[in-house]
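> For reference, the chains in residue letters:
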Amino acid sequence: MSVSRPLPHDAARLHVTGQARYVDDIPSPAGTLHLAFGLSEITHGRITHLDLDPVRQAPGVKCVLVADDLPAANDVSPSAHDEPLLSTGSVHYVGQPIFLVVAASHQQARRAARMAVIDYAEEPAILTIDEALAADSRFENGPVEWATGDADQAIRDADHQLSRSLTMGGQEHFYLEGQAALAWPQEGGDMLVNTSTQHPTEIQHKVAEALGVPMHAVRVETRRMGGGFGGKESQGNALAVACAVAARATGRPCKMRYDRDDDMVITGKRHDFRIDYTVGYDEDGRIRGVFFEQFARCGWAMDLSLPVADRAMLHSDNAYHIENMRITSHRLKTNTQSATAYRGFGGPQGMLGIERVLDDVAFALGRDPLDVRRRNFYPSASAGSVPATTHYGMPVEDFVLDDICDRLAASSDYAARRQAVRDWNAANPILKKGIALTPVKFGISFTLTHLNQAGALVHVYQDGSIHLNHGGTEMGQGLFQKVAQVAAARFGVDLSMIKITATDTAKVPNTSATAASSGSDLNGMAVRIACDTIRDRLASFLAERHQAEAADVIFRDGQVHVGAESYPFATVINEAYMARISLSATGYYKTPKITWDRIRGRGRPFFYFAYGASVSEVVIDTLTGENRILRTDILHDAGASLNPALDIGQVEGAYVQGAGWLTMEELVWDDAGRLRTHAPSTYKIPACSDRPDDFRVTLYEMENREDTIYRSKAVGEPPFMHGISVLMALSDAVAACGSGGLYPDLDAPATPEQLLTAIERQRAAS
Amino acid sequence: MSMIHVSTTVNGDEVDFVCDPRETLLDVLRDRLALTGAKEGCGTGDCGACSVMVDDRLVCSCLMLGAEAEGKSIATVEGLAKGEDLHPLQEKFIEHAALQCGICTPGILVATKALLDKNPDPTETEVRYWLAGNLCRCTGYDKIIRAVMDTAADLRKAS
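Residue numbers (this note's numbering), protein chains in the order written: chain A, 1 to 766; chain B, 767 to 925.
Chain A on its own, in the form it takes in the complex (with noise of 0.2 Å):
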């Protein structure tokens, strides 16, 4: 069968052709013309006086366009209304779009677009976490408020309390493929869109809105982006509104791509965050209370803030049973980029507060990491047995960490090694090393409940050859070859008779963002109905046919069984059609057993948990604060897998990136507001020289206990969070400078100037 072979990509040989079509691959039209923005040089204040002309007489250029010339809404947020396509007049952060330049040619775009003469009246900015809290700058009225238990209470009676703080910072996505669109206008004032994207729904919405049209008017069609990571679910919708009003506006096929310092300057990142957690230990080191006040920095307009900053509170426990826990989050305005969806959607953030809480506790009472974990650890599953609940009281019915630990613990030599690495740094004064293990506990569904819904479209053509189209976009992850295999098995018909097809509005309407990692969660299912639905009409056709039970006819290896006859899935089909059998159908799936109520911070808001757990062993040279991964063993749950190698490779990436996140990739704002890391120059990616030495990625094999397709589980965003371990591994190797009586208290990104002045604290200390 299809399901769970590991298949490569499904545009692999395209990829490696460079035939792959990203969305500034399509031949354009005769006559493309191509835009940029004019951006705010200011933090915040008002425009003065904007003088357009040298733009306008600049080389290639057609107009210029501002915010008074769009024909209607001038508006591309996601969420609140509250982000102009173009400035109305005031500015709230470097980079911010003021106008249009529509030109021959991409850099004639650019160049005029450097030539606006503007005037402002600058205005105070609020740049960092206690500037916005300082002058209350936030959206809601005021912070967010979850609590479980008496936390204030348990800490005070707890054995031991420590207050600390810990600060970690945003990340640029880096997609290869910048953000690119491209809109055709067509008779009658429609739009085509094509546009790399991860809300293709979305996209028609906003371009709808913008030129004032219903949204059948609209059709907007992705087949790939060059990666997307969160950051194509909100931050392309300005470039394709901009094609479509432009291409409104001149009646010629608009094109944008944002070049890549633009791309970094314009677009928003992961929200950086600062958590103050307050904890009360006991001795045995159980946890028996902890507050945490989190401190999210938004930027400019409100995007999905709401839900980044929700979900980095639902993460606040991972994987640990803390009966009594208060979570304050602040969602703070700054005059910077508006923070926006990446990978794990601030549940890497939540996360990796209370990690740092478990490794704060196990340093002050000397203990291995691992063994206070464990001790915290939520339940087993087991039959019969009572779930333990979250902090937000939703039952953890499957939680299987202890098992995922015995075991990582054992392949990777855990104790063993954690002894070498005492030894090692025994005996070497200059070259340090750190060994940590880290386990994840990540909730899957999207929290705002009715996202969690998605269509598809199959038909079925006369040959038997199937067109395939369902709302999940894809960006590199596999899913349109995941799904490919949930339908070649359903059908029991081999791999090449399925065409996998661009997203596309126009086919299934109404999606929710390829997000949340429920990309082949929820399209799986709706293919596996939308199949079902034409091979059950089939069954009821050759069981009449053949006086058989419809349930009896068998579709398998490129035939249909019907009693001990069988025949080609081709010739079905074509007397299927002759009989007058409709072939396609469409296919509808919504997820079960979801509640949530976001304002108390009470209910089921996931359908299950996925987990995994890595252990990562660093060296540190501590006269520069260079470092390496040395050896990372990870154990991923991703349920019953549809694909092992499309999720190892989920796996394998996403700890690289959050091993990126977590230590190299730090975004620099001078006092000005002006980003400084706006290219790789500056914005240090992984590279291939920082992979671990000896990787190590295993799947754990277990079937989903949920109904989910096939019993698999998402794998796009808990696998990051692996990340975590890395920098628990830097702080072990730290700790090793000094004489044990200074937790090294790392700020994210630890890199290595960060380590070296935590090295030199070290050093001082002892």
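In case anyone wonders, no lab produced these hints; they're calculated from the structure.
C-beta: ideal position from N, C-alpha, C; glycine also.
A few of these clues could be false.
[To be verified] When the alpha-carbon atoms are kept at most 30 Å apart in a straight line, the in silico DSS-like pairs for lysine-lysine are as follows:
1) K499/A / K590/A
2) K923/B / K884/B
3) K884/B / K684/A
4) K848/B / K499/A
5) K884/B / K848/B
6) K593/A / K507/A
[Said to hold, decoys possible] Listing some non-contacts, in silico: residues in chain B with all C-beta distances to chain A over 10 Å:
7) S768
8) L799
9) G837
10) K838
11) D920
12) L921
[To be verified] One-sided excerpt, in silico: chain A residues whose CB lies under 10 Å from chain B:
13) P8
14) A12
15) R13
16) L14
17) Y22
18) L176
19) R257
20) D259
21) M475
22) V651
23) G653
24) V656
25) A687
26) D690
Given chain A, work out where chain B should sit, using these hints.
Showing chain B alone in chain A's frame:
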């Protein structure tokens, strides 16, 4: 600005084009010659997505002007396969699932071929550092290394 006429060879074929003297080789390949395999990842020579061979040298085509291609021999990812027959590197990248979104893949293949042409028996460390100029945001690089090492071993056996 007056356009420049350039005669060059691309993937073995003689090619003539005219371009603006400010156009990069990458722009020429993509916009004038319809060879969109090389991608613009950063435009500053830091990501390697636009890697091509110019004579026997691996270059970022975003850092070279199209006009500089005069008299040179250019090789891009489109020239790796011979008709329907994939180059062994391409086959191994598929076999090892050494790609996800695929947009860095053409540059990595061109860069890797350049390495193996020079050094048919590289160590893993040599591969890792050779490819340090080709960024991939999806895979975490492990499968890429495995695909390269496996191809190199196969090519040595075949020669």
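> If a hint holds in the structure, say so; if it doesn't, say that too.
Results for each hint:
1. K499/A / K590/A: holds (25 Å)
2. K923/B / K884/B: holds (16 Å)
3. K884/B / K684/A: holds (28 Å)
4. K848/B / K499/A: holds (25 Å)
5. K884/B / K848/B: holds (21 Å)
6. K593/A / K507/A: holds (28 Å)
7. S768: holds (13 Å)
8. L799: Answer for L799/B: holds, closest chain A Cβ roughly 12 Å.
9. G837: The claim stands: G837/B keeps its Cβ more than 10 Å from every Cβ of chain A (closest is about 24 Å).
10. K838: holds (20 Å)
11. D920: holds (16 Å)
12. L921: holds (16 Å)
13. P8: Where the cut-off is 10 Å and the nearest Cβ of chain B is about 5 Å from P8/A, the hint holds.
14. A12: This hint holds: A12/A lies near chain B, its Cβ roughly 4 Å from the closest one there, short of 10 Å.
15. R13: The hint holds - R13/A has a Cβ within 10 Å of chain B, the shortest such distance being about 6 Å.
16. L14: For L14/A, the interface hint holds, since the closest Cβ of chain B sits about 7 Å away, which is under 10 Å.
17. Y22: holds (6 Å)
18. L176: holds (5 Å)
19. R257: holds (8 Å)
20. D259: holds (6 Å)
21. M475: Holds, because the Cβ-Cβ distance from M475/A to chain B comes to roughly 6 Å (cut-off 10 Å).
22. V651: Where the cut-off is 10 Å and the nearest Cβ of chain B is about 8 Å from V651/A, the hint holds.
23. G653: Nearest chain B Cβ about 4 Å off; hint holds.
24. V656: Status holds, d = 4 Å.
25. A687: holds (5 Å)
26. D690: holds (8 Å)
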